[in-house]
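Based on the sequences and whatever the hints tell you, model everything.
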Amino acid sequence: MIGYVVVLAMIVFGYSRDGCGALERAAYGRFERDLERLTEFEYDEGEAARAVAAFERGMCFGKNEWAGRPFLLENWQRFIVSQLFGWYRGDGTRRFRTAYVEVPRKNGKSELAAGLGLRMLLLDGEPTPEVYSAATARDQARIVYTRARNILQLSRPLNRLAVANRSAITSDFNGGVFQPLASDHNSLEGLNIHCAIVDELHAHRTRDVWDVLVSACGSRRQPLIFAITTAGVGRHGICWEMHEHAERVLTGTVEDESFFAYIAAADSDADWTAPSSWRAANPNLGVSLSESYLAGECRRAQAMTGYQNTFRRYFLNQWTEQVDRWLDMEKWRACANPATEEQLAGRDCYLGVDLSRVIDLTAMSAVFPPFETDPLWRVKTWAWAPQERILTRSAVDNVPYADWARDGYLTATPGNRVDYEFVTAAIKGCIERYNVREIGFDEWNATKWHTDLVAAGVQNLVGVPQRPRYLNAPCKELEGLVMQEKIGHDDNPVLNWCAGNVAIRIDANENIAPDKARSTERIDCVSALVTAMARALVHVQEEKAFSSSGILFL
1 MIGYVVVLAM IVFGYSRDGC GALERAAYGR FERDLERLTE FEYDEGEAAR
51 AVAAFERGMC FGKNEWAGRP FLLENWQRFI VSQLFGWYRG DGTRRFRTAY
101 VEVPRKNGKS ELAAGLGLRM LLLDGEPTPE VYSAATARDQ ARIVYTRARN
151 ILQLSRPLNR LAVANRSAIT SDFNGGVFQP LASDHNSLEG LNIHCAIVDE
201 LHAHRTRDVW DVLVSACGSR RQPLIFAITT AGVGRHGICW EMHEHAERVL
251 TGTVEDESFF AYIAAADSDA DWTAPSSWRA ANPNLGVSLS ESYLAGECRR
301 AQAMTGYQNT FRRYFLNQWT EQVDRWLDME KWRACANPAT EEQLAGRDCY
351 LGVDLSRVID LTAMSAVFPP FETDPLWRVK TWAWAPQERI LTRSAVDNVP
401 YADWARDGYL TATPGNRVDY EFVTAAIKGC IERYNVREIG FDEWNATKWH
451 TDLVAAGVQN LVGVPQRPRY LNAPCKELEG LVMQEKIGHD DNPVLNWCAG
501 NVAIRIDANE NIAPDKARST ERIDCVSALV TAMARALVHV QEEKAFSSSG
551 ILFL
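Numbering (full-length UniProt numbering), first residue to last: 1 to 554.
A portion of the hints provided could be inaccurate.
[Said to hold, decoys possible] Pairs of lysine-lysine, BS3-like flavour, derived with a Cα cap of 30 angstroms:
| id | residue 1 | residue 2 |
| --- | --- | --- |
| 1 | 448 | 486 |
| 2 | 516 | 486 |
| 3 | 448 | 428 |
| 4 | 486 | 331 |
These are computed hints drawn from the structure, not numbers from a lab.
Here you go:
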């Protein structure tokens with residue numbers, strides 16, 4: 001037994017020493033640790049070899065110039081297949097029931113998933129197996145299914161065991177079926193799944209489909225859910241949840257013996273423009289994609305800032321905070337430096353208010369320019385949302401509003417609409433504690449609130465149009481302060497989330513402003529911050545002008 005294991009280990013560790021990323025090395029390291037213990041589970045090298053042979057001797061590639069050639073696996077693919085089909089429990093069933101495979105685009109993961117689906121359908125000894133390819137859209141689900149159909153049609157004698165048409169692969173010899181499924185989880189009820197292939201998990205906004213698929217495997221003896229994906233946008237949702245769990249399992253901080261994980265990615269601190277980073281992330285480099293192709297895409301990303309995050313996700317498999325790059329989130333996190341109330345008491349302060357819609361997030365930001373004993377721009381954040389909306393967002397969209405409210409970072413207002421009296425109360429509190437010079441706000445849809453605030457005795461309210469012409473200077477100032485780490489924000493997770501969501505729009509004069517329509521999620525806290533910064537800059541620049549004029553006021 002150990003002979004094959006040692007050979008396989010030499011293959012994968014030889015590859016891992018060739019500059020792969022830390023998480024991929026961790027997958028090989030987990031295998032090594034598992035081999036050392038061999039207690040609860042047994043590694044059967046014969047079954048692992050047979051699973052690899054099912055591809056290489058029993059199937060042909062189904063697409064592009066490789067169509068019709070033997071399905072020869074690359075080393076990383078052999079590793080995945082041998083792990084999934086080589087480990088067994090004491091009762092003789094397979095160890096792994098869930099597999100999470102996260103690999104950059106164009107590395108052959110869909111072809112691998114298609115072949116695996118056929119193996120589970122026709123060669124697993126399961127009576128009436130049901131295999132499904134599931135995705136957020138039917139066209140996406142059909143990608144893996146179509147690959148499987150093409151492989152089957154070109155593979156003898158495998159194609160004698162089943163018949164394929166546009167909508168299903170069916171087998172008379174074992175009563176099995178392989179079908180694509182759309183993401184409407186209501187249509188998934190009543191399935192008896194032996195294998196579910198979940199394509200591009202990062203595109204699933206909620207965990208509903210995943211949970212239904214898991215529950216549909218309950219009556220099978222050794223089912224498998226095989227998730228394939230590229231890195232996604234934003235650190236919330238089912239895919240990010242699975243990614244984090246995979247990291248913990250691979251690094252040994254969490255034990256989940258039924259969960260297999262393989263993540264090929266450039267390390268987070270890697271230079272995304274370096275060929276060594278491309279090689280680290282792409283296990284199929286030189287096979288299904290070329291270094292010259294990646295070099296061209298990298299040049300495009302260097303020339304077009306908005307494409308940088310896309311390049312990093314697609315080809316380095318790095319998770320990004322937003323689709324279009326604005327704030328550097330690593331720099332943003334480095335600026336987390338909350339000030340104490342003692343540091344802020346009595347200081348000049350500029351407020352920015354983003355009322356947004358009454359059914360969702362409303363935000364206020366306080367900006368404190370540098371002070372004699374404090375060289376940093378300070379930022380403090382308030383956020384409100386209606387209680388009913390908090391519950392919905394937490395349950396449906398997997399945005400942790402409820403956690404933020406519980407921890408005091410977000411204030412829940414009663415009912416299903418934000419009560420602006422909470423905002424007014426917060427403004428009055430700031431006026432009592434700080435030297436509030438001005439309160440900036442978006443005049444759109446704020447007429448009544450503005451009138452009520454003036455009637456309550458609040459002064460120095462200034463409208464700030466939310467257009468690039470008016471927000472260009474504060475946006476660029478904020479970006480510069482973040483890059484130079486000259487700003488200290490309060491590390492409010494609602495603010496951090498908004499910062500990671502921001503996309504910008506650029507007008508004909510290259511003025512910029514936050515763009516709510518193009519941003520991946522809510523950006524209200526950043527909009528409030530930019531509004532506050534707009535008014536602060538006006539006064540800071542005026543004071544600098546007076547200071548440099550040499551005029552002495554008595």
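A quick look at each hint next to the structure:
| no. | hint | result |
| --- | --- | --- |
| 1 | 448 - 486 | violated (37 angstroms) |
| 2 | 516 - 486 | holds (26 angstroms) |
| 3 | 448 - 428 | holds (17 angstroms) |
| 4 | 486 - 331 | holds (11 angstroms) |
Violation of the numbered hints given earlier is confined to hint 1; every other hint is satisfied by the structure.
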